[in-house]
Amino acid sequence: MTLKTTPFHARTAPLCVSQAWRRWAGHVVASSYEMVHEREYHAIRSSAALFDVSPLYKYSITGKDAERLLDRVVTRNVAKQKIGQVLYTPWCDADGKIIDDGTVSRLAEREFRLTSADPNIRWLHLNAAGLDVRIADVTEPLAALSLQGPNAREILTQAVEGDVASLKFFRLTQGSVRGTPIGISRTGYTGDLGYELWMDAAKALPVWDAIMGAGEAYGIVPCGMLALDMARIEAGLMLLEVDYVSAHHALIERQKSSPFEMNLAWTVDLAKPWFVGQGALRAEVDRGVEWKFVGLDIDWNALERLYDAVRLPPKLPLAAWRVSVPIFAFGRQVGYATSGCWSPLLKKYIALAHVPARFAALGTELEMEVTVEHFRRRALARVVKTPFFDPERKRA
Amino acid sequence: MATTWDAIVIGGGHNGLVNAAYLARAGRKVLVCERRPRVGGAAVTEEIFPGFKFSMFSYVVSLLRPEIIRDLELPKHGLHILPLESTLTPMENGDYLASWPDHDDTRRELMRHSPRDAEAYDEYGRLMHHMAHAVRPILAMTPPDPTSLDPRDLLTLAKLGGHMRGLGAEQFHALFKLMTMSAADFLDEWFETDVLKATKSASGIIGTFLGPRSPGSAYVLLHHYMGELDGVFRAWGFAKGGTGSVSESIAGAARRLGATIRTDAGVTKVLIADGRARGVVLESGEEILARTVVSGLDPRRTFMELVGEEALPEEFSADIRRFKFRGSSAKVNLALDALPSFTCLPGFGPHLRGAMSISPSMDYVERAYDDAKHGEFSRQPYMDIEIPSLIDPGMAPPGKHVMSIFVQYAPYAVRGGWTDAKREALGDAVVNALARFAPNIKDIILHRQVLTPLDIERITGLTEGNIFSGELALHQLFFLRPAPGYAKYRSPVKGLYQCGSGTHPGGGIMGASGRLAAMAILEDHA
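From first to last, the protein sequence lines stand for chains A and B.
The first sequence lines up with residues 1 to 396 when you count with the working numbering.
The second sequence lines up with residues 1001 to 1526 when you count with the working numbering.
This is chain A alone, in the form it adopts within the complex (with noise of 0.2 Å):
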């Protein structure tokens, strides 16, 4: 067995000097292209980053009972949904637990196009029962770019034929790069101005040309894994098995959250007549959410005294981490954080952490686990707003 490579291959390999892959949904994609990638991450957040998305699990619903079906499964409100938006949405099992989270975009009255994190072929199909619709697996066949950055505009504009300037945030639209028609949706995983490219991996490597090439003067990078990992904790977007552990593969109860253990509340209509997991989720409005997820700064000058004592700078890792760390109150651990890094941008610390709901309050004043020089310390953390980072053009 090898690992499968994107349709982008043939360009990302030789532009990954450091050899730093890793591996998504069983392909390989670049960590990081350059040896560092400092670089990268700048480029998202200064001028603009190039993702190959192409791993992320895509499906075609279509059918008179598509609406119906997603309806069903995801949490928001697709009958509502027009023709070119996309929603973000979660999607729980019967007790109200996330499966896994990803967007529903509606091409038309009767086509959608989901994505997810992990395979839902399976779910969907339990829950299409009695319905007219068909179910495609389109993983493979159609390959995802992620353009992301305050230039990215500019550059599909100069890119790509089709009216990318006045699309609006969680919208798609379609056009064509060189004859090859694409989809287009103004949506990404970095909490900036971005868009998102959707197309026949057959004719992939054009686009991802075009792209680049006019990029250039606008100072496109590609980008790899390492740098996204850093751009979504700022815009505090979670990840699967990362974050939160799906409802599907968790082993036991308190490994699974619900969406609004998740912060996700908005993204549940309890209203709506009727999805997988609604009474659940009514249930637990009603009892009150347990948990919360929450943005944490940890505190500078908590973290220089710490490495003061042992005559050292504070030194924090390059890239985001992806563990369970302690979360403490009153000298007990509460909580546990499971992203963080130093956002180079904001010149902060950041997590974003599991806590009871009664330490949920902006302000609250907890404390984070770090280990110094071998040894475990506490250091300072606030609950703060998140996004940590949410520019005006990111909707503008």
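Errors might be hidden in some of the hints.
[Stated by the list, open to error] Listed below are the simulated PhoX-like cross-link pairs for lysine-lysine, each with C-alpha atoms no more than 20 Å apart in a straight line:
#	chain 1	residue 1	chain 2	residue 2
1	A	Lys168	A	Lys80
2	B	Lys1373	B	Lys1324
3	A	Lys394	B	Lys1076
4	B	Lys1373	B	Lys1422
5	A	Lys385	B	Lys1076
6	B	Lys1422	B	Lys1269
[Stated by the list, open to error] Derived Cβ-Cβ restraints for the label pairs, each shown as a range:
#	chain 1	residue 1	chain 2	residue 2	range
7	B	Pro1115	A	Arg122	57 to 63 Å
8	A	Pro206	B	Asp1420	29 to 35 Å
9	B	Glu1286	A	Phe330	53 to 59 Å
10	B	Gly1125	A	Val323	26 to 32 Å
11	A	Pro391	B	Gly1266	53 to 59 Å
12	B	Arg1108	A	Arg134	54 to 60 Å
13	B	Ile1048	A	Ala165	26 to 32 Å
14	A	Glu161	B	Asp1420	50 to 56 Å
15	A	Val323	B	Arg1152	33 to 39 Å
16	A	Gly213	B	Phe1172	53 to 59 Å
17	A	Pro181	B	Arg1458	56 to 62 Å
18	B	Arg1108	A	Asp95	38 to 44 Å
Worth flagging that the hints you see were computed from the coordinates, not collected in a lab.
This structure is a prediction, so every number in the text was calculated from the model and none was measured.
Every residue gets a Cβ at the ideal spot worked out from N, C-alpha and C, and that includes glycine.
With chain A fixed as given, assemble chain B onto it according to the hints.
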């Protein structure tokens, strides 16, 4: 009745703005008066040619204090420091020396020149790390007066002594050498590769009137490592939008904290009555009153021009008169139609995104100094070059580029004085010197701006065009900056404070003086 301010800050340079922001943060009613139409002083971004933006004078952010970035929440106000990670030094023989963001890359590159130096480099780095760590707190410290018996001075001195003792013998001795030796001699103890020593020592002579073989030029070698200590914090690099965006972000923070900033409001005089500063007089004749007046201008401008010797003790006046400026550097800003191609590494490559140092040998840099010693600009100057449009494409129209060339030496007191012809001759010398290593440069220049020390003085007000508001020489540092007894941001005139780079810890876009001065003011008016 005119409004009375708690404080008026003269000069909207970065230190003045930092000072105003901290005073406003403490609830003071602050007015900043800036003579030019824009804030920033020497940290300004200007569109000199249509579509081409330049960090006109100061071009990199060095050691901007992390506490200032945090306290004033500068990222929220637009500060974004981008990495400037490599250095390329083209050599006379067609080879080059480079340092890269990746340690293995840099080591392999050094090994090409000297395997011994490649090993020494890491050990040298470790020693410098220790010294930088010991010395760094000085940047955030109001200089104690070593001759004073004031308990606060004694306490600070004791703390400082503790830091130094913590170094251990080997490092302490190295520190002493670093403070007294020339960069050339100090580096000779470590390395054999001439071009490596030339490039390292060249960074130590920036803005001074010293050559790499002049005693006292070694200690600036530490600065680089002070930057490295910040680790992920990275307060060293290229500001997106140019250095003007640093000033704008501080101004944004100051305004948000309640400070008022007036541009086109040059101050001509500090109002003094009964030995106390009472306010300022603007070029327009307008008088503005304040409890406290803070000057971000250099010591000579502040005391000799705005205050006047008649209001100062004779001894202090003499000290200020003796305070040395001797601007030694020029700036050339080029708008380019395409990228330069270096003979040693032709075409495009990551080396163009970093610094390019024209310091091919120790003799080259020392010879550049020889010209200056004798009152001429260097026929073949040391140059620190960047192409900011490759780091932030917004600096130039798509596909075009801007090049920033820091030039040393160009003495303020050039023989015969600066004339238009001499300015262009300097510009030609710079382009010719660069063309030896990047021959296509002459064909790609769309526009050229040459700024001599006299131009720098005229535009920014920096006396003799000294980029640090007074030479950063050992006899003008710490408790001697700008004058003994007045290094703590205060002055002989009650209510008049100093907050510019002419005070400790001095130049570079550091902001430390502005912050420490604000703390001194708040201490006096608690």
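- Item | Lys394 (chain A) paired with Lys1076 (chain B) [C-alpha distance capped at 20 Å] | The hint holds at about 16 Å.
- Task: Starting from Lys1422 (chain B), check that the Cα of Lys1269 (chain B) is at most 20 Å away, please.
- Result: 34 Å, violated
- Task: Take a look at whether the Cβ-Cβ distance between Pro181 (chain A) and Arg1458 (chain B) falls inside 56 to 62 Å.
- Result: 59 Å, holds
- Query: Are the Cα atoms of Lys1373 (chain B) and Lys1324 (chain B) separated by 20 Å or less?
  - Reply: 15 Å, holds
- Message: A range of 38 to 44 Å was offered for this pair. Does it hold for the Cβ distance of Arg1108 (chain B) and Asp95 (chain A)?
- Response: 56 Å, violated
- Given pair status - Lys1422 (chain B), Lys1373 (chain B), alpha carbons within 20 Å: 17 Å, holds
- Query: Taken at face value, is the distance from the CA of Lys1076 (chain B) to the CA of Lys385 (chain A) at most 20 Å?
  - Reply: 14 Å, holds
- Could you see if the CB distance from Gly213 (chain A) to Phe1172 (chain B) stays within 53 to 59 Å? 57 Å, holds
- Val323 (chain A) versus Arg1152 (chain B) beta-carbon gap, inside 33 to 39 Å or not: With Cβ atoms ~46 Å apart, the hint is violated.
- Message: Range first: 53 to 59 Å. Now tell me if the beta carbons of Pro391 (chain A) and Gly1266 (chain B) are that far apart.
- Response: 36 Å, violated
- Query: Does the hinted range 54 to 60 Å hold for Arg1108 (chain B) and Arg134 (chain A) at CB?
  - Reply: Cβ of Arg1108 (chain B) to Cβ of Arg134 (chain A): about 56 Å, so the range 54 to 60 Å holds.
- Outcome for the supplied range 26 to 32 Å, where the beta carbon pair is Gly1125 (chain B) and Val323 (chain A): 30 Å, holds
Taken one by one, the earlier hints fail for this structure at numbers 6, 8, 11, 15, 18, listed in ascending order.
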